[in-house]
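Enquirer: Spelled out from the first residue to the last, the chains are:
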Amino acid sequence: MIIDANFFLELFFHQLGLWWVVIPSIFLGLIVGGIPGFSAANTIIVLLPFTFLMEVEVGLVFMIALYCSSRLGAGIPAILVNIPGTAGAAATPLDGYPMAKQGFGQRALSISFVSSILGGLLTTVIALITMPWLARVGFYMHSVEMVVVMLFGISLIASVATKDTIKGLIAGFVGLMIGSIGADHVYATPRGTMGFLELYDGVPLIPALVGLFAISEAFMVIESGSFLSKDRVQQVQNASWAETFYGVRLTLRRWFHVGWTSLIGLVIGVIPGAGAAIASFVAYQQSRTFSKTPEAYGKGHIEGLIAPEAANNGVTAGTLIPLMVLGIPGGATAAIMMVVMQYQGVPTGPGLFTERPDLGYGVFMAMFVTYLLMSFTILPMSRYMSRVTLVSTVYMSPIIIAFTLVGSFVPREYMFDMYLAFGFGVLGYIARKTGYHVAAILIGVILGPLLEQYMLRALKMSGGDATVLFSSTLGNFLWAILVATLILPSWLNKKKAKSEQ
Amino acid sequence: MSEKKTQKNIKPNVLGEMIIPLFGILFTSYYFFTIIDSPWTAQVNAFIVGSILFLICTLFFIRKFHAVRLNRAVCMLKYDRLLPAMRTRQTGFIILTIGYLLFVELLGYTLATIIFLFSSMSLLDSGRKMATKFALSIIMAGVGYVVFILLFETRLPEGFIEKTLQEGLK
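Chains A and B, in that order, are what the protein sequence lines are. Going by numbering that gives the first Met the number 0, the first residue of the first sequence is number 0, and it counts up by one from there. Going by numbering that gives the first Met the number 0, the first residue of the second sequence is number 0, and it counts up by one from there.
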C-alpha cells in the first residue's frame, strides 16, 4: 500500500463516513467526562463486550471518539460550577470558573471548546507526521528527567498563591504530605495510612478532586444563594450567540498560544505514566510564566483557560503514539485499546503500520475527524450549557453533593472513598474560608506521589547518590529551563519597573 | 470608645488561618512517627517535604504572632460568633451530608438520595415549594439509579427500592 496524500484523503473520508459512531460517542464522552469518577477508560471497560462485537475499525473509532470528547467534557463542570470532571481538568477552573462567576460562562465554554478542538486537531496532525520520532521521547525521559518535569508542575503552587505566597506554600506542602500517604514504592512499608487498608495504594485522586473542589464549593455557594450576583444573572440571561462567536474569535486570535500549549500536552502525553493532569499544570505554569499579564491569572484570564484545555487535549494524541508505534500503551485508555486490538488479532507496534496501515494511521485520522465533528456538535451547546449557572444553589448544592459523592465511590467501589471525599470537602471548605488555595493542595496530592516515585527510582539506581539528579544532559537542560522560568519573570518585572521609574 | 470598638472589630482574627498549618504539622508529625523505623526509601521524600512544611509553618506562626503582638491582629475563639454560626442552614446542610453518608449503606442509594435531596433542598429554601422539591428529588435519584446502577453497573449500596426494582425488572 502506498502511503501518500491520496491515502490520507481516502482515509479521512472513510473515517468521516463513520459519523454515526462518532457523534453518539461524542455525546457519551461528554457525559462521562463531566461526571467526576467516570472516565473514558472505565466507560470503555463497561462497554468492552460491545466493542468486541463491533468490527475492529468501528470499535477503535468508538473508543477514540469517546476518549477525545471525555477530555473536553471534563472541562465543562470545571468552568461552570468549579468541579473538574477528571484530574486532567484540575487546572481548568483556575481561570474558567472566575470567568463563569463574572457572567461569562458561555464565552468561557466557547474558549474551552475551541482551544480543545484546535489543540486536538493540531496535535493529531503533528502526531501523524512525527510519529516515529515522537515515539522515542519516552526512551530519553528517564526518572531523572521526570523529576524535573514534575517540579515544573509543582512550581505552579507558587504561581496560584500570588496573594499570599506563604499560605500557598503551606497548602501545597500539606497536599504533598497527603500525597505521600500509602505504601512506599520499594519495600511497601505503610506510611501515614492511619490503619486504613484503603489508603495502602495511596490517596485516590477522585475523592480528593471531588472533595476539594465540588463538595467544598457546594458548601460555599450556599452562603451566596446563587453562583452569580444579581447583575451577572441578567447578563447570562441576555447572552446571545454573539457571545459564543466572541469566545471563538478570542481563541483564534491566540492561535499561537493554543499551538505551543497543546504541544506541551503532546510531548508529555507521549511519556508513559505521565498524564493529562501533569500536562495541564505544566502548560498553565508555562503560560503564566511567559504571559505579559501574569497578575491577571486566576481571575478569569483567557490564556489561563486556553493553556490547560489545549494541553489536556494534546495529551490524547500523545498517549496513543507509544501504543501505535512501539506497542507500549501510554495511558489507561490506550491500554484498553491494546486489549481490544489484541483480541481482534490486530498487531500493535511497528508491525501495525506495515500490516494494517489503514488502522495504524486510521486511529489518528479518527481522532482528527472526531475533533472536527465536535466543532459542529458541541460548540453550539455552549449557550445552553452556561445556563447551569442560573440554577439556584438551593437545588444545585444537594445535587452536586449527591452525584459527586457517588462519583468518588465509582472508581474503586469503596464506601471509604465517599467518607474520604467528604473529609477532603471539609478540608477544602476550611481552606477556602481561611484564604488557602485548594488548587495548591490538589497539585500536591496529584503530583506528590509521582515526584516521589521518580525521585526514589533515580536515587535507588544511583545507590542513594543525590547528584544523580544532575547527571544527564537532557535533565540538566530541563533544570536550566526550570530555573529560568522561575527566575526570569520576576527579574524581567524588576527590570521593567526600574525602566518605568 | 465606639471608635476603639470598631477598630478592634476590623482587626483580622488569625485563629482560623492557623487551622490548616496546625493540621499540616500534626499530620506530618504522625507521618514521621509511622516511618521512624522504615528503610530510607520510605523516609527520604517525607523528611524533605515534611521538614520544608515545618519550616514554612514556623515562619507563618512567627509572622502571625508578630502581628498579634503589634496589635495588628487578634487571636481568639469568638464564641459569640461561633454559636450563631452553628445554627445556620449551612451547618444544617453539612450535618445532613454526614447523615447521608451514614445512612446510605442502611437505606440503599436511591432511598437515601431521595431523603437527602428533599431534606436539604427544603432546609436551604425554608420549606417552600415542597411538592416541586419532592418530585425533583425522586427524578434526580431516579436518574442516578439508571446511570450508576443500571447503565454502569456500579455496586452502590442496595436497599428496599433497588431490590424491589430488580425483582420488577426480572
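Wrong hints could be hidden among the right ones.
No farther apart than 27 Å at their CA atoms in a straight line, the calculated lysine-lysine pairs in the BS3-like style are these [unchecked claim]:
no., chain 1, residue 1, chain 2, residue 2
1, A, 432, B, 63
2, A, 432, A, 100
3, A, 229, A, 497
4, A, 493, A, 229
5, B, 77, B, 128
6, A, 291, A, 493
7, A, 432, B, 77
8, A, 229, A, 432
9, A, 432, B, 10
10, A, 298, A, 459
11, B, 128, A, 229
12, A, 298, A, 100
Okay, the calculated bits of chain B under chain A, using three or more residues with CB under 8 Å as the criterion [stated by the list, open to error]:
no., stretch
13, 15–22
14, 32–42
15, 46–52
16, 114–128
17, 157–168
Facing chain A, from chain B, some residues (calculated, C-beta under 8 Å) [stated by the list, open to error]:
no., residue
18, 25
19, 26
20, 27
21, 29
22, 56
23, 70
24, 71
25, 96
26, 100
27, 133
28, 134
29, 137
30, 144
31, 152
Calculated from the structure, these hints are not laboratory results. Built from N, CA and C at the ideal position, the CB exists for glycine as well.
Enquirer: All the hints need checking, so say for each whether the structure fits it.
Expert: Hints, one by one, checked against the model:
1. For the hint linking residue 432 of chain A to residue 63 of chain B, the alpha-carbon distance of about 17 Å falls within 27 Å, and the restraint holds.
2. In summary, the hint linking residue 432 of chain A to residue 100 of chain A is supported, as the alpha carbons are separated by about 18 Å, within the 27 Å threshold.
3. Proposed proximity of residue 229 of chain A and residue 497 of chain A is contradicted: the alpha carbons are some 43 Å apart, above 27 Å.
4. Of the pairs offered as hints, the one joining residue 493 of chain A and residue 229 of chain A is violated, with about 40 Å between alpha carbons and a cut-off of 27 Å exceeded.
5. Proximity of residue 77 of chain B to residue 128 of chain B is assessed by CA-CA distance (about 36 Å); at most 27 Å being required, the pair is judged violated.
6. Of the pairs offered as hints, the one joining residue 291 of chain A and residue 493 of chain A holds, with about 13 Å between alpha carbons and a cut-off of 27 Å not exceeded.
7. Among the hinted pairs, residue 432 of chain A with residue 77 of chain B is consistent with the structure: their alpha-carbon atoms are about 16 Å apart, no more than 27 Å.
8. About 23 Å separates the Cα atoms of residue 229 of chain A and residue 432 of chain A, which keeps this hinted pair within 27 Å; it holds.
9. Of the supplied pair hints, the one linking residue 432 of chain A and residue 10 of chain B holds, its CA atoms being roughly 17 Å apart against a limit of 27 Å.
10. For the hint linking residue 298 of chain A to residue 459 of chain A, the alpha-carbon distance of about 42 Å lies beyond 27 Å, and the restraint is violated.
11. Between the alpha carbons of residue 128 of chain B and residue 229 of chain A the distance comes to roughly 22 Å, so the proposed pair stays at or under 27 Å and holds.
12. Under the criterion of a C-alpha separation no larger than 27 Å, the hint pairing residue 298 of chain A with residue 100 of chain A is consistent with the structure, at around 10 Å.
13. With a cut-off of 8 Å between beta carbons, the stretch 15–22 of chain B has 6 residues touching chain A; three or more are needed, and the interface restraint holds.
14. Coverage of the stretch 32–42 of chain B by chain A holds [criterion: at least 3 residues with CB-CB distance below 8 Å; count 7].
15. By the rule of at least three residues with a Cβ nearer than 8 Å to a Cβ of chain A, the coverage given for the stretch 46–52 of chain B holds, with 4 such residues.
16. Counting residues of the stretch 114–128 of chain B whose beta carbon lies closer than 8 Å to any beta carbon of chain A gives 6, which reaches the threshold of three, so the coverage claim holds.
17. Here the stretch 157–168 of chain B counts 0 residues with a CB under 8 Å from a CB of chain A, which misses the bar of 3, and the coverage is violated.
18. With 8 Å as the threshold, the beta carbon of residue 25 of chain B stays out of range of chain A, its nearest partner Cβ sitting at about 11 Å, so the hint is violated.
19. Because the closest C-beta pair between residue 26 of chain B and chain A is about 6 Å apart, less than 8 Å, the hint holds.
20. The beta carbon of residue 27 of chain B comes within 5 Å of a beta carbon in chain A, closer than 8 Å, and the hint placing it at the interface holds.
21. Interface hint at residue 29 of chain B: satisfied, since its Cβ lies 7 Å from the closest Cβ of chain A, which is below the 8 Å cut-off.
22. The beta carbon of residue 56 of chain B comes within 6 Å of a beta carbon in chain A, closer than 8 Å, and the hint placing it at the interface holds.
23. Annotation: interface hint on residue 70 of chain B violated; nearest CB of chain A at approximately 21 Å, more than 8 Å.
24. Taking 8 Å as the C-beta cut-off, the interface hint given for residue 71 of chain B is violated, the closest approach to chain A being about 15 Å.
25. For the restraint placing residue 96 of chain B at the interface with chain A, the shortest Cβ-Cβ distance is roughly 6 Å, inside the 8 Å limit, so the hint holds.
26. Contact between residue 100 of chain B and chain A, as hinted, is supported at the beta carbon level, the nearest pair being about 6 Å apart and thus within 8 Å.
27. Interface hint at residue 133 of chain B: violated, since its Cβ lies 13 Å from the closest Cβ of chain A, which is beyond the 8 Å cut-off.
28. Look at residue 134 of chain B: its Cβ only gets to about 12 Å from chain A, farther than 8 Å, so that hint breaks.
29. A cut of 8 Å between beta carbons decides the hint on residue 137 of chain B: the least distance to chain A is about 13 Å, and the hint is violated.
30. Proximity of residue 144 of chain B to chain A is violated relative to the hint, the smallest CB-CB distance being about 10 Å (cut-off 8 Å).
31. Taken as an interface hint, residue 152 of chain B checks out: its beta carbon lies about 7 Å from the nearest beta carbon of chain A, inside 8 Å.
The structure fails to meet hints 3, 4, 5, 10, 17, 18, 23, 24, 27, 28, 29 and 30 from the earlier list, while all remaining hints are met.
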